[in-house]
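Asks: Chains as they are written, first to last, in the working numbering: chain Z, 1 to 289; chain B, 290 to 544.
Treat the hints with caution; some may be incorrect.
[Stated by the list, open to error] Here are some of the chain B residues that sit facing chain Z, going by a computed Cβ distance under 10 Å:
id: 1; residue: 348
id: 2; residue: 354
id: 3; residue: 357
id: 4; residue: 360
id: 5; residue: 370
id: 6; residue: 387
id: 7; residue: 394
id: 8; residue: 400
id: 9; residue: 453
id: 10; residue: 462
id: 11; residue: 469
id: 12; residue: 472
id: 13; residue: 481
Keep in mind the hints are simulated off the structure, nothing from the lab. All of these numbers come straight from a predicted model, not from anything done at the bench. Even glycine gets a Cβ: it sits at the ideal position worked out from N, Cα and C.
Next come the chains, spelled out residue by residue.
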Amino acid sequence: MFKSTGVNERNQRTEKAVRLLFGLMAVILIVPVAIILSVLVIEGGPMLSLDFLFTDPTNGMTAGGIFPAFVGTIWLVTVALLVSVPIGVAAALYLSEYASDNWLTRVVNLAIINLAGVPSIVHALFGVGAFVLFFEFGTSILAASLTLAVMTLPVVIVSTRESMQAVPHAFREACWNMGATRWQTIRRVVLPNSVSGILTGIILEVSRTAGETAPIMFTGAAFFLPFLPQSVFDQTMAMSLHLFVISTQVPGVPEALPYGVALVLIGMVLTMNAASIGFRMYLRGRKKW
Amino acid sequence: MVETASPKVSVRDLTISYGGEPALSGANFDILPHEIFGIIGPAGSGKTSFLRAVNRMDEFTPGMRVQGDILFDGQDIRAWRNVYALRRRIGVVFPLPVGLPLSVYDNVALAPRLVGVKKKADLDVIVERCLTRAALWDEVKERLGSLGSLLSGGQQQRLTIARALSQDPELLLLDEFSIAVDPVTTMRIEDVLKELKSEITIVLVTNLVQQARRLADRTAFFLSGEFVEVRPTEELFTGTVEDTRTREYVEGRFG
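Next up, chain Z with everything else stripped away, as it sits in the complex (with noise of 0.2 Å):
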């Protein structure tokens, strides 16, 4: 019979120990996912209905629905998505499947880094410099989406370049040894098994892009437009400046109104999330080995 000495009573108690301390840190981390979610529900859950969706505000904004802020914030979405995903993903396919490990290399990973590290507030004054003056598209949707597809570039190619890299190795050796071109060999077996896990990362960056507030402000984003816009050159409200102008500037808003937006806007957050987290399910079912 094996016989427990006191070191191996020690080892154990410690195991438990840690194993509690780190199960905690993890738990805790509902707590405030669950506050935040249930505060929206019961203060904003009474504002939902379609009409709030689909109405203007009324009333100096105090009344209303949020449609217009509702459709920019997709407008800026989209058409940030359209300029970071080509740039993205182009710039992680050259990163992972073609760049030699030199000074180029690491100069582009140290700017990719940095670009990830600087603050919104200062990507919103680069955004006003770089596209509202020198390119001269003036406060627009174009400005504000160009400023954030600057913002998630970096999100979108570490995401992309991880993905490639979980293809294992050896796979693009034995395309390379039938004499596969390096770009036959990315069509044919890095693409196909790593398309899931880029999507993935491509829906998180809309969930981000869709709740930043500080780029758009000064690029692109209005406090109060009555239509909608008609193309990339006009402002637009958006969801998340209006949440901001409605806590904090307009006088006599009722108490319920800044939570039915909060509300809207995680619920669009939360549904992409879901969508990323669904297809990850998939992908992990699909997985080929």
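The hints should help you fit chain B onto chain Z, whose structure is shown.
Replies: Then chain B, alone, in the frame of chain Z:
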């Protein structure tokens, strides 16, 4: 074995290093057409590095540096402008099977497709011929559509061989192909190799001295990055060898 034929591959003063660390130095030997050329030697003796150099895989391996010459059909492999065409003429099988995450059919049809074979009928013929030659056809003909990476290890290795054959190579490089394969399958693959010899030249890198003895016409012995000698295989085991280390290795006294 035809001694007079001009060599398929000639190795001249070949030195391979990784980041300045030599992996193989001063190798000189010829590989003749339609022979099975065995390479034996303990781990880290430069066998795999040699195979990588033949296929110009050093271009994909950071830090790998190849000096000296490798002639393929008398022509320096570095003089091939189109490295992809060179690699198509050289099939490679790795120690661990690599079933690409494609269907069995697509695994074998990949190489022909890369060079523009599109017609289903043509591909069907190639797929069946290569799988048959790799002794796998009977086991997978009912499920060509299922994933190659889901086959058993031994089947995947035969799939890898079928894929290498689908390039229609003139030279087949086998790097310890039986390491992840059961003995019965190993014997079946060995039979396949003996048949293939009439059509292509085979380089067999192996840790199993007896496998080299069973298959190889001539065998080279590498030791710690040094090319020791090359001999007709039977001589290596029974006759005279130049270097006592060779005799000690094949008799299992070290390594």
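Asks: Decide, hint by hint, whether the structure agrees.
Replies: Hints, verified against the model:
Hint on residue 348 of chain B holds. Least Cβ distance to chain Z is approximately 9 Å, under the 10 Å limit. With a cut of 10 Å, the hint placing residue 354 of chain B at the interface with chain Z is violated, because the nearest CB-to-CB distance is about 14 Å. The closest approach between the C-beta of residue 357 of chain B and any C-beta of chain Z is roughly 22 Å, which is over the 10 Å cut-off, so the hint fails. Hint status for residue 360 of chain B: violated, given a least beta-carbon distance of 19 Å to chain Z, over 10 Å.
Residue-level restraint check for residue 370 of chain B is violated (minimum Cβ-Cβ distance to chain Z is 14 Å; threshold 10 Å). The criterion of a C-beta within 10 Å of any C-beta in chain Z is met by residue 387 of chain B, whose closest approach is roughly 4 Å, and the hint holds. For the restraint placing residue 394 of chain B at the interface with chain Z, the shortest Cβ-Cβ distance is roughly 14 Å, beyond the 10 Å limit, so the hint is violated. Taken as an interface hint, residue 400 of chain B checks out: its beta carbon lies about 5 Å from the nearest beta carbon of chain Z, inside 10 Å.
With a least beta-carbon distance of about 8 Å to chain Z, the hint placing residue 453 of chain B at the interface is held under the 10 Å criterion. Annotation: residue 462 of chain B was flagged as interfacial toward chain Z, and the flag holds, the nearest CB pair being 9 Å apart, inside 10 Å. A distance limit of 10 Å between C-beta atoms decides the matter here; for residue 469 of chain B the minimum to chain Z is near 12 Å, and the interface restraint is violated. The beta carbon of residue 472 of chain B is not positioned within 10 Å of any beta carbon in chain Z (closest approach about 24 Å), and the interface hint is therefore violated.
The criterion of a C-beta within 10 Å of any C-beta in chain Z is not met by residue 481 of chain B, whose closest approach is roughly 19 Å, and the hint is violated.
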